[in-house]
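These protein sequence lines are chains A and B, in that order. Under this note's numbering, the first residue of the first sequence is numbered 94, with each subsequent residue one higher. Under this note's numbering, the first residue of the second sequence is numbered 5, with each subsequent residue one higher.
Since the hints were made in silico from the structure, they are not lab data. Predicted model only: the values in this text are computed from it and were never measured. Any given hint might turn out to be false.
[To be verified] Result set (SDA-like, lysine to any residue): computed pairs, CA atoms no more than 20 Å apart in a straight line:
1) K7(B) with Q201(A)
2) K77(B) with R110(A)
3) K104(A) with S115(B)
4) K74(B) with Q201(A)
5) K104(A) with R100(B)
6) K110(B) with G133(A)
7) K110(B) with Q201(A)
8) K74(B) with G133(A)
9) K110(B) with K104(A)
10) K150(A) with S46(B)
11) K74(B) with V153(A)
12) K7(B) with T98(A)
13) K150(A) with A5(B)
14) K20(B) with V207(A)
15) K110(B) with E196(A)
16) K20(B) with G135(A)
17) K104(A) with T104(B)
18) K7(B) with K104(A)
19) K7(B) with T195(A)
20) K150(A) with K7(B)
21) K110(B) with D131(A)
22) K7(B) with G135(A)
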Amino acid sequence: DAGITQSPRYKITETGRQVTLMCHQTWSHSYMFWYRQDLGHGLRLIYYSAAADITDKGEVPDGYVVSRSKTENFPLTLESATRSQTSVYFCASTRARQGRNTEAFFGQGTRLTVV
Amino acid sequence: AQKITQTQPGMFVQEKEAVTLDCTYDTSDQSYGLFWYKQPSSGEMIFLIYQGSYDEQNATEGRYSLNFQKARKSANLVISASQLGDSAMYFCAMSRSGNTPLVFGKGTRLSVIA
Numbered sequence: 094d095a096g097i098t099q100s101p102r103y104k105i106t107e108t109g110r111q112v113t114l115m116c117h118q119t120w121s122h123s124y125m126f127w128y129r130q131d132l133g134h135g136l137r138l139i140y141y142s143a144a145a146d147i148t149d150k151g152e153v154p155d156g157y158v159v160s161r162s163k164t165e166n167f168p169l170t171l172e173s174a175t176r177s178q179t180s181v182y183f184c185a186s187t188r189a190r191q192g193r194n195t196e197a198f199f200g201q202g203t204r205l206t207v208v
Numbered sequence: 005a006q007k008i009t010q011t012q013p014g015m016f017v018q019e020k021e022a023v024t025l026d027c028t029y030d031t032s033d034q035s036y037g038l039f040w041y042k043q044p045s046s047g048e049m050i051f052l053i054y055q056g057s058y059d060e061q062n063a064t065e066g067r068y069s070l071n072f073q074k075a076r077k078s079a080n081l082v083i084s085a086s087q088l089g090d091s092a093m094y095f096c097a098m099s100r101s102g103n104t105p106l107v108f109g110k111g112t113r114l115s116v117i118a
């Protein structure tokens with residue numbers, strides 16, 4: 094099915110381990126984003142990408158790494174997971190459109206627990 | 005920098021009544037967009053409605069309307085004829101023109117009572 098999918102949906106990992114969250118979209122949208130959702134904070138931007146091989150930091154990038162070698166994939170890696178990175182992670186994408194803003198389409202989210 | 009403020013952490017509304025969820029924003033940009041998203045208990049983020057800063061008329065999408073008051077920098081969501089299925093978390097968000105990332109408020113949890 095067309096859309097944006099995240100994997101895994103749920104993940105438990107130990108402090109200090111590296112973990113990668115996957116995001117795949119089938120629309121060929123140019124822009125992709127990673128957000129984390131925490132109680133009391135809403136959604137906060139971690140990283141985003143305007144195209145393949147173009148990435149930029151968001152509000153809370155520390156401890157995360159991203160790459161975008163292909164337009165359709167935008168993995169998020171926690172290099173050494175900490176308990177403070179326990180959160181729900183959302184991937185989103187938008188198509189490029191000049192003149193007006195475009196809504197972001199979100200994946201189902203990944204609930205990550207760091208123990 | 006852009007900022008979204010949602011001052012109502014939680015709200016209750018009777019079924020079939022209308023409800024207004026508040027959203028104020030802060031930006032120095034002249035061109036921007038305002039969005040509302042719904043997040044039901046299942047967790048997905050559902051786009052509801054969009055308002056451009058230069059749009060002269062308030063946006064409407066079915067039972068959703070956006071009360072846009074540019075001078076007051078407010079973009080309140082109005083849900084008419086509330087249904088039990090409207091119970092969810094609602095997020096206001098904004099972005100600069102184009103494809104810049106969305107900045108979100110902290111959300112309002114709406115509970116619809118039968």
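Against the structure, the hints:
no. : hint                 : verdict
1   : K7(B) with Q201(A)   : violated (25 Å)
2   : K77(B) with R110(A)  : violated (44 Å)
3   : K104(A) with S115(B) : violated (29 Å)
4   : K74(B) with Q201(A)  : violated (33 Å)
5   : K104(A) with R100(B) : violated (34 Å)
6   : K110(B) with G133(A) : holds (6 Å)
7   : K110(B) with Q201(A) : holds (19 Å)
8   : K74(B) with G133(A)  : violated (27 Å)
9   : K110(B) with K104(A) : violated (24 Å)
10  : K150(A) with S46(B)  : violated (29 Å)
11  : K74(B) with V153(A)  : violated (29 Å)
12  : K7(B) with T98(A)    : violated (28 Å)
13  : K150(A) with A5(B)   : holds (15 Å)
14  : K20(B) with V207(A)  : violated (42 Å)
15  : K110(B) with E196(A) : holds (18 Å)
16  : K20(B) with G135(A)  : violated (28 Å)
17  : K104(A) with T104(B) : violated (29 Å)
18  : K7(B) with K104(A)   : violated (31 Å)
19  : K7(B) with T195(A)   : holds (18 Å)
20  : K150(A) with K7(B)   : holds (17 Å)
21  : K110(B) with D131(A) : holds (9 Å)
22  : K7(B) with G135(A)   : holds (12 Å)
When held up to the earlier numbered hints, the structure conflicts with 1, 2, 3, 4, 5, 8, 9, 10, 11, 12, 14, 16, 17 and 18 and fits the remainder.
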